[in-house]
Amino acid sequence: MPKVYIDDDVFEFEGRPKILEFCLQHGIELPYFCYHPALSIPANCRQCLVEVGQLVLNRETGQPELDAEGKVVVRFFPKLMPSCATEITDGMVVRTHRSSALVRRAQRENLEFILLNHPLDCPICDQAGECPLQELTYKFGPDSSRFEFVKVHKPKRIPLGPRVVLDAERCINCTRCVRFTEEISRSRQLTIIQRGDKNYPFTAPGMSFDDPYSMNTIDICPVGALTSADFRFRARAWEMASTPSICTGCARGCSIYIWTRHNRVERFTPRHNPLVNDYWMCDEGRLSYRRLNENRLDGPHVREFEGLRAASWEESLRRAAHLLRSAPPEQIAVLASASLSLEDLYVIRRLAFEVLGTPHLDFLRHEDPSFEDAFLRLRDRTPNRTGCELVGISPGPDGLPVQQWPQALRDGRLRLVLVFGDDPLGTGAWPVPEAGEWIVASSHWTETASRAQVLLALCTHAEATGCFVNQQGVLQRVRPAKASKGMDRTLVPEMGKSRLDHHATPFDRWWGHEHYFDCRPGWELAQGLMRELGSPVDYTGPEAVFAELAQAIPALRGLSYAAIGLQGVRLDLHPQPVA
Amino acid sequence: MEPEYAFTAEELARIAEIRRRYPTARAALMPVLWMAQEKFGWLSREVIELVAQTLSLNPAEVYGVATFYTMYHTQACGRYVLDLCTCLSCQVLGAEDLLRHLEERLGVRDGQTTPDGLFTVRHTECLGACGSGPVLMINNRRYVHRLSQERLDQLIEELRQGRMPEFASIPLPERPWEQEASSDS
Chain A
1 MPKVYIDDDV
11 FEFEGRPKIL
21 EFCLQHGIEL
31 PYFCYHPALS
41 IPANCRQCLV
51 EVGQLVLNRE
61 TGQPELDAEG
71 KVVVRFFPKL
81 MPSCATEITD
91 GMVVRTHRSS
101 ALVRRAQREN
111 LEFILLNHPL
121 DCPICDQAGE
131 CPLQELTYKF
141 GPDSSRFEFV
151 KVHKPKRIPL
161 GPRVVLDAER
171 CINCTRCVRF
181 TEEISRSRQL
191 TIIQRGDKNY
201 PFTAPGMSFD
211 DPYSMNTIDI
221 CPVGALTSAD
231 FRFRARAWEM
241 ASTPSICTGC
251 ARGCSIYIWT
261 RHNRVERFTP
271 RHNPLVNDYW
281 MCDEGRLSYR
291 RLNENRLDGP
301 HVREFEGLRA
311 ASWEESLRRA
321 AHLLRSAPPE
331 QIAVLASASL
341 SLEDLYVIRR
351 LAFEVLGTPH
361 LDFLRHEDPS
371 FEDAFLRLRD
381 RTPNRTGCEL
391 VGISPGPDGL
401 PVQQWPQALR
411 DGRLRLVLVF
421 GDDPLGTGAW
431 PVPEAGEWIV
441 ASSHWTETAS
451 RAQVLLALCT
461 HAEATGCFVN
471 QQGVLQRVRP
481 AKASKGMDRT
491 LVPEMGKSRL
501 DHHATPFDRW
511 WGHEHYFDCR
521 PGWELAQGLM
531 RELGSPVDYT
541 GPEAVFAELA
551 QAIPALRGLS
561 YAAIGLQGVR
571 LDLHPQPVA
Chain B
1 MEPEYAFTAE
11 ELARIAEIRR
21 RYPTARAALM
31 PVLWMAQEKF
41 GWLSREVIEL
51 VAQTLSLNPA
61 EVYGVATFYT
71 MYHTQACGRY
81 VLDLCTCLSC
91 QVLGAEDLLR
101 HLEERLGVRD
111 GQTTPDGLFT
121 VRHTECLGAC
131 GSGPVLMINN
141 RRYVHRLSQE
151 RLDQLIEELR
161 QGRMPEFASI
171 PLPERPWEQE
181 ASSDS
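Each protein sequence line maps, in turn, to chains A and B. Number 509 in the working numbering belongs to position 509 of the first sequence; there are no gaps in the numbering. Number 43 in the working numbering belongs to position 43 of the second sequence; there are no gaps in the numbering.
There's no promise every hint is true.
Residues of chain B clear of chain A, computed beta-carbon distances all greater than 12 angstroms [claimed, not checked]:
#, residue
1, W34
2, S44
3, R45
4, L57
5, R109
6, S148
7, F167
One side of the interface only, derived from the structure: several residues of chain A facing chain B at Cβ under 7 angstroms [said to hold, decoys possible]:
#, residue
8, R186
9, Q189
10, Q194
11, P205
Simulated restraints on C-beta separations [claimed, not checked]:
#, chain 1, residue 1, chain 2, residue 2, range
12, B, E11, A, L120, 43 to 51 angstroms
13, B, E11, A, S40, 48 to 56 angstroms
14, B, E11, A, L566, 56 to 64 angstroms
15, A, R186, B, Q75, 46 to 54 angstroms
16, A, H272, B, E96, 37 to 45 angstroms
17, A, E69, B, E96, 54 to 62 angstroms
18, A, L120, B, E96, 29 to 37 angstroms
19, A, E183, B, R79, 39 to 47 angstroms
20, A, H502, B, D110, 36 to 44 angstroms
21, A, E183, B, K39, 31 to 39 angstroms
22, B, R79, A, I124, 44 to 52 angstroms
Quick caveat, the hints were computed from the structure, so don't treat them as lab data. Backbone N, C-alpha and C fix where the C-beta goes; we use that ideal spot for every residue, glycine too.
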């Protein structure tokens, strides 16, 4: 096996890895700006320079030659090499900043160069706190600059497109954004214009950087040059908590982090997941976080004198159960939603088939062909349609499919609709019917919610734990990123916690607690209805529901929350029966 | 507007000929940009888009190249672009004063164009004619050597009358030390 000597260690390697990638994989830190694992390697930032040499082998014996002191002789390249672009060869000797004063000096002075015209406005920069330039300067940079002249000034606060704002002075011209538009999104909307100390990334004149994936450049920008028009100046990175989750904007289900501050969702950022979205997500998905804060339903409501009034959970569940008991089972329809988790869907299915005894169970397909593209976006705008099919959200024997329900409501074959998490009236899926009564579990104030006899407040995916299966059959789990009313963020397992969550008290000026909504996950609401209807079930939590699911559904056999992990697992959706 | 920005069939044939000399469209970009600038005066947004379309490149890419080189004009410029060298040799010979003289005479600042659209004044880096400085270049092409304020005034008058100065061949200065060295041997 070929060997490489890095500092004082020997590593064996296979193939033709680059020094930087190899070091990062083996936990050896090297500083870099322009390198990105998903992009080509331009080697233009010069921050990852290392000393590279080759062992001198004796021609006769093939053994390394030794000098007079008995040390191996190394023939070094005359200059430092960019480790991101240098391939490892057998017998290569690499000296990083751990063992080479020259490399340390190169790193320090390169940073001094990079910072020459940098405005050093970290206190007002959105990138501060998650800025590689800031971090690497702290670790490897000089303690001060010798440059005492007027800095070069460049355009600031330029809207490159509708969602990305450029500050050219902060740019270090690593070209990550340009390479992203060339290699990943392929819109080729960005280029580096001008030259020398005046250059910065920009669009062609009169063009807008309106790439549907443009905001990924904000993530990969290693400085604060590209910032989000939406998120600018809204929160500091260190005040927010991040929780791994998924985007529910379409059936791709991109892995994301949900960032919250004072329990309010502030942004989504993509989370690396090679099974689903690699490092990227679309702008529309990224901005869909707003839905988690806006127009939210807070607490259950019941209808009284033609209006909805807030009610207790006990009262509303009792009213709902009373309504459900008063209608014959074949006149009740249960509408689940492909935006609910597997756990929710499973308990809803049990409620419909086992307790209510109705055959009318279905979900709505929300398709938007204009949303689909060749990269990540899919026409199916629901995150868990595959999950609905997996759990069996479909009409039982003699059950009506969902397309026939509006007609059935009109002619009296259906009287009562129990809606979980969908909005058939507001999304235009159904005409607004004159007849029928509605029990609705909804996370938002929707058209359907406003017609309910009993309205139950449902969690969004950001407040619950549950599993989603995307169109490719990858099962991922979401974790609660936002606490519901009555919860303490620090006590919710798996929830990301920020310093504010841990240490702020109601006596602090920066205390905020207005973004808590009184809502419950779908499985818990379905279980509550089952109890009221006299069929006590007692799941201790979503994990217990999933344990039962894993028994019941062949594709999930043997899975557990621990096995799903952060990355998820690709399911075999059509398992062969064991012979 | 559309027909104003187009290449003629003859020009397209020339572009195709240029294109054949290079392995990629990107490599053929510079001569084509040059052609476009000769034709349209400067590389406006429409011209950039025309070049990009002609070579099947992206406008951003074309714009990046156009802004990289100072001899491509991405701003509207005058009939005569005067590039005055202010690099070391010319500077020592008074180029800075000449630049100020030019600015005052034409009533514009460095980098600006006169209101009548006739002159653009720019300072530039070394034009490679240090032996005959101070030097000025007209429209990326014609050099005017050994400038003085009088020569500049005269030049501006000539240009106003539409007369481009003649090409002047500047012989290399004599190098007596070389002759001495050769006579020694």
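Honestly, which of those hints from before does the structure not fit?
2, 3, 4, 8, 13, 15, 16 and 20
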